[in-house]
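Trainee: As they're listed, the protein sequences go chains W, H and C. In terms of our numbering, the first sequence is residues 719 to 1070. In terms of our numbering, the second sequence is residues 785 to 1116. In terms of our numbering, the third sequence is residues 3 to 369.
Please keep in mind that the hints were generated in silico from the structure rather than gathered at the bench. Please note that a few of the clues may not be correct.
[As the list claims (entries may be wrong)] DSS-like mimics (lysine-lysine), calculated; alpha carbons at most 25 Å apart, straight line: (1) H:1116 to C:331; (2) H:824 to H:864; (3) C:331 to H:824; (4) H:852 to C:331.
[What the hints assert, rightly or not] If you anchor each label on the Cβ, the simulated ranges turn out as follows: (5) H:1068 to C:118: 33 to 39 Å; (6) H:1060 to W:751: 56 to 62 Å; (7) C:206 to H:1071: 24 to 30 Å; (8) W:907 to H:1090: 29 to 35 Å.
The structure displayed is predicted, hence computed values, not measured ones. Beta carbons: idealized from backbone N, C-alpha and C, even for Gly.
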Amino acid sequence: MTRPPGFYAAGRPRARLVWAGAGLAGALGLLLAWQTELGRGILTILAAPEFVRAALIAATPLLLAALGGLISELSGVLNMALESMMLLGAFAAYTASDYGHTPWAGLAAAGVVGLLVGLLHAYFTITLRANQIVSAVALNLFALAATALGFRLIYTRGVFITAPGFAELRLPVLSDLPYLGKALFSHNILIYLALLLIPVMWFILYRTAWGLTLRSVGEHPEAASTVGINVNRVRYLAVLLSGAVAGMSGSALVSATNINAFQENLSAGRGFIAFAAVIFGRWNPIGVFFGAFLFGLGDAFQIRLQAYGVGVPYQLLLMLPYVITLIALVVFMRHARGPAASGTPFAEEGEA
Amino acid sequence: MKPSKLFALFMIGVIAAVALFGCAPAATQAPATQAPATHKVAMITSGSTNDMGWNYNALQGIQQIKDKYGWEIAYTENAKPADQANIMRQYAQQGYDLIFAHGFEYGEAILAVNKDFPNTMFAQINATTEGDNVVGTNFRFGELGYFTGMAAGLMTKNNKIGIVAAVDAPQVTADTDTMKTGALSVNPNADVSVSFVGDWADLVKGQQVTQAQIDRGVDILIIMGNDFTPPAIELAKAKGIKVIAGWTIEAYPLAPETIIVSAIQDVPGVYVGIADQLAAGTLKGNTTSVFGFAEGKQYLGKWGDTVPQEVKDKVNQAVQDYLAGKLDIGVK
Amino acid sequence: MPDSVHDQPTARARIWSWMKQPLASVGLPLLAIVAAILLGSIMMLLMGHDPLKAYAALGRGSFGNLGATSETLKSAIPLLLCGLGIAFSFQAGAFNIGAVGQMYLGALAAVIVGGQFAGLPAPLHMTLATLAALLAGGLWALAPALFKVYAGANEIISTILLNYVGIYLVDYMVAGPIKAGGANNAPISWPVLEDVMYPRLIPRTQLHIGLFIALTAMVALYLVMRYTTLGQRVRVVGQNPVAARHAGIRADRVFLLTFFVSGSLAGLAGASEILGYQVRLISGFATTTGYDAIAVALLAGFQPFLVGLAALFFAGLQTGAVAMEAIAKLPSQLVGMIRVLAILAVLAASSPRILALVRRLQGEEQP
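Start from the sequences and build out the full structure, keeping to the hints where you can.
Mentor: Quick look at the structure:
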């Protein structure tokens, strides 16, 4: 990840050709598709507002986790522990909304728990200078075990309890718009908050002094250190913040998806997809959104394809979101480059 | 000393210490020499026992055995394929003489250990088995599907029925197939579609698939999963859609107004049935028992509050006809 | 930081300096382990379980007797193979997170070749099945490497994504094309032919000759990394790609090669699971091994022999966990917690800061 751009040869001028070809093929495909029953089915799926709605719902937990991961990685600390933050956050969100009788308690608890996991990750990787991936792997194992144990201790087996969830918030006027109203403007409030976080984070990262400091620490820690920035303090703060945001993705997993319930290994690897979305989004909040949303689209599409009765084995359909993301990655992502110092611990002058 | 060497030394130390500690109290277990009146029962399952479904039922099974006979019970949940044989060996070595393997995925692991423990009986659920000390049990797959399909066909107003199933194992698809024939037998216009979640436990995926069926415009959902079933019922309740739930729990208490009926495979009953045979001394290897409506191990649960009497009557009559041999539902 | 090294050499100080070397190198890591054990004991007591019984079961189930030890060795085989592959690729700066998928593909190839072509001589058939797995894993790993070299696609993402594709591919294959059918008709693959299965090393256990394959791979990787120019190139590319380019090393070739080797080893791990003892392929046959192996490789600092030790440690925890559940009757969730505490303790004890502290306590005058 520390390789300079353009290190591997690639045919850059071909990009325009690829775009043109894809456009042409797409138009032709649409025309042809309408002639077949399957094609009409697919186009019906794509045209329904519920499709985008479902994709957005599926993308929200990924988006929050990935935004969390972004903060940490910009400061130079790889955060593959997103999975643990999401899972522990989800457990905290479920338990706290259940006992606190409001989903807001769940959201707050998820943030706090995420923050604590962030603290652990920061302690391991910054203070103890343990390998950032090992720390993450250990934390992920820890989260899996701790939530399973906690769930077993707090809740009785064979009794199902629904925690209170966020209500659907229909935005006035906007929610009455023909297509967009249903697709975008009648969601669970947490989804708006997650979307709102994108511009907020963009502003903080690119328009404030702290954002600049953060990025410089991730890019050139030595240089940042010589101008008097306490590199490790900035990183600590970044990882803590990262944990808080990623923890809230657990709340989204529990309530934005409308399950309002918990189960062992609820996150089931979604934190890794979020981790991939950070890189996919080229370490940029807007790109991260598109990474998460693309995955959500693929997911919603394959599920609908099945419900509409396409004669393809569902196991192959389940691959779709991953394959679509992979294709997008190969076709459109040329030499994305992360923060230069990502993955390497920073030792102050005179330290061992 | 180099860090790597230090680490090596350290790891060797840890492993040696553990080995020593482990050897010290090596209490030699006497293999199964207890009085014949009592037995020890163990159960191994691949999922978590708080799944509100299949694995929870297995736990209930051995607990009911304990309640009935007072035998010692033990279980391992979340067992990985790599550990299956080791787990069963551990139980057999401790003198557990009835070991339940909860699912079709334990076939090879049983074959790997059963010959070493001729006095232990291995009972595999949902599998046809071979071996002098191995018994298998199966449900008569397809029965529940037919009658629930009938209920769905009678209850639907817009003729759109959606099935949310976990995976396309034949144990599942036998029922989804007869659901279609059952629904069509009473409602030739029924449009039944099946979606697979691809997982028994993933709540989020289960909810996404349920939502997709709802978006398709169904007014009856048949949900057959483990963990994801209760949240899916909640979702249907919020959208005013009627639900048939299966195949393990009685779902009526979760949503009396929403549930049409629960389809129930009485897994605990099967467990107790095998224990009964063991207690009576009639449990023989190389057998596979099949349980269904006739044996009372598959049945329809409590009818929902909103189901009209004529629907209940019609379905119940069909069950009676089937049991009397007057109705062919395409299940052998 | 304690700085008592340059104190006046009083008798007490001399005894201290004589004592503190073993104290530091053994004491600190021991402290971490003791802390983990204590914490685990407290949890067990709170949940009404006897810690002594539980830890005795852990010891007995992992290395307590021949049967347990061979079970642990069996569990260490896939961890070691995947761990070696990961160590090799990470050393070249090629972040292969895809051991899970590569292992699945290896297992798939092994069961396809091993379950068909009856009539081939057994040793040849066994070799072919193993090689097929090796190739399948290697090619599955080569894909993301090619995406990286020719399209600049980040290998971490593509390997993570391909893990899922591999898992669903196996789900599809065992439910359809390679399903056994028969009385059970369950989504389980056909069995590997009996004489294609790896021979057992010890009767009444599942330990198989895959152990030798893994150990051979370990030694081979050590020799390659230590004594060949290839090993040198891999290290240079990993540590300083710019310098590597100046030295005329084709970094992209090294990248492709390490990925292929890494995937092949994971493919071998898949083969050893199926041909070694699982006989048939089922959905989810090894969901966590490929991820655990990352921890194994990193914990070992990419040194082949240490990967072996770390794999043994992880495997011991795995089989010990089985015994804690089956013998000491701990719930699997609590056992999971105790396992993680042990891993965290080892992680903390082997972190650079702790190791540096240990070195300093040993005294700078020691070489």
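Trainee: Could you tell me which of the numbered hints above are not met by this structure, giving the numbers in increasing order?
Mentor: 1
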